[in-house]
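Assemble chain B onto chain A, guided by the hints.
Line order of the protein sequences matches chains A and B. The working numbering applies: residue 454 is where the first sequence begins, and numbers increase by one. The working numbering applies: residue 454 is where the second sequence begins, and numbers increase by one.
No false leads were mixed into what you were given.
Counterexamples of contact, computed for chain B against chain A with all Cβ distances above 10 Å: (1) E458; (2) E477; (3) V486; (4) D539; (5) R551; (6) Q562; (7) D565; (8) F595; (9) G648; (10) T692; (11) K693.
Pairs of lysine-lysine residues, derived as DSBU-like cross-links and limited to a Cα-Cα distance of at most 35 Å, are as follows: (12) B:K594 with A:K685; (13) B:K672 with B:K706; (14) A:K685 with B:K584.
Please keep in mind that the hints were generated in silico from the structure rather than gathered at the bench. These numbers were taken from a predicted model, which means no experiment stands behind them. Even glycine gets a Cβ: it sits at the ideal position worked out from N, Cα and C.
Number of protein chains: 2
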Amino acid sequence: MKHYEGYLIDLDGTMYRGKERIDEAVDFVKELVKRNIPYLFVTNNSSKTCAQVADHLSEMGIPATDDQVFTTSLATAQYIAEEKQDAKIYMIGEEGLRDALEKQGFTIQDDDVDYVIMGIDRDITYEKLAKACLAVRAGAKFISTNGDIALPTERGFMPGNGSLTSVVAVSTETAPIFIGKPESIIVNQALEVIGTPREKTVMVGDNYQTDIMAGINAKMDTIMVHTGVTSKEQLTTYTKQPTFSIHSLSEWKFV
Amino acid sequence: MKHYEGYLIDLDGTMYRGKERIDEAVDFVKELVKRNIPYLFVTNNSSKTCAQVADHLSEMGIPATDDQVFTTSLATAQYIAEEKQDAKIYMIGEEGLRDALEKQGFTIQDDDVDYVIMGIDRDITYEKLAKACLAVRAGAKFISTNGDIALPTERGFMPGNGSLTSVVAVSTETAPIFIGKPESIIVNQALEVIGTPREKTVMVGDNYQTDIMAGINAKMDTIMVHTGVTSKEQLTTYTKQPTFSIHSLSEWKFV
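Excised from the complex, chain A in its bound form:
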């Protein structure tokens, strides 16, 4: 094991599973607090604001302030701000995305937009999708908060934002820019927020294809935990391996 100055940590499957917190992970974060090591929760969830996520974590007894949460909505807003500060945006998404875009000062409108942004929207309608298609065909840049194809819920796997995004991608024959994990975009921004050097920061997560690949794509170290999506057996099938692979975060030794 290795000493890291900063930790980027996934949420679902790493800190909790649905409504159940993962005690080993909570103890691990408490140890980070004790040792005064910076950490940032990095999530593909675009539906909630950072404050809502932090509140949810606090309720579960996981130490988290608003600015220790970095959502893909925040990363998306940041990404656009770097390209065009006064962007006009048509968005499909929930409160977290709207909040992030509004806080950046963008104008959100239906027509004549520079960007079409898609995040998970459980109030999706044909009209919303139609407007997105028309705007992309009219030349707006097409961005999606994340490509997750499915969301685990108590009912089973529900459609994720990546699958909703495919309506506009398929209809307009335009590939979107994805911001969230496994893309390096969100990780590079998270590194700027946490402020620790890339080579001394590590990405922690349970999902090989999002968390671990995000770390690999961003050329940083990774710690894979088997408390969520990817099993130890599945992990052996991948060519690129994480830097560390442990069953749960109780196995992590600070050095």
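Below, chain B without anything else, positioned relative to chain A:
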């Protein structure tokens, strides 16, 4: 030109463009009536019943009875009936699809289904898509009325059924069986309905990638008209050419 005993004819772009009928095509159909040559309108539109389509054609002065219209909804219902007569179905779609499935006597329900059928649904919701995903993951066979990615309207190109279908296909990582053009499934069924031999029947349409490819896939002759989607210039870029290519149906000489 060649003598054909039966004609399978596309609608949008071939018989009319939006609300405007194509006079040369109407004269052509009247000539078919006069010569007592069977014809069947074959459409990827799953939203309307055959009766509604026939009424619409009649209003435009195009001779058509209900049983001279063959929609992809009808083809879908027929396809399932051949596989499982007492099928339980979860459907997403509009009146045309529901009508076709109900007339086949299928049970339409939310859970515990044999098939998930998707047709264009301009009242699409996340819950409808979620139910489809859950059913496909539970093992239901996944069928889509057609793969059209976009629908031409006065506002521009709106999302077609192929793009809505992609939500479930992407989320469940399951490719659907498509029924409509360019698949041969709908054409083979239309040939049974019209009752003329494949080698003496011809497919007429304006869209190379749906109508003409459907004819080619079904190994029958094709007549391409340039009154709709595919221009004469675009046609030259394709390897497999239609049997005949004419500007409009007024050029067709009966022999």
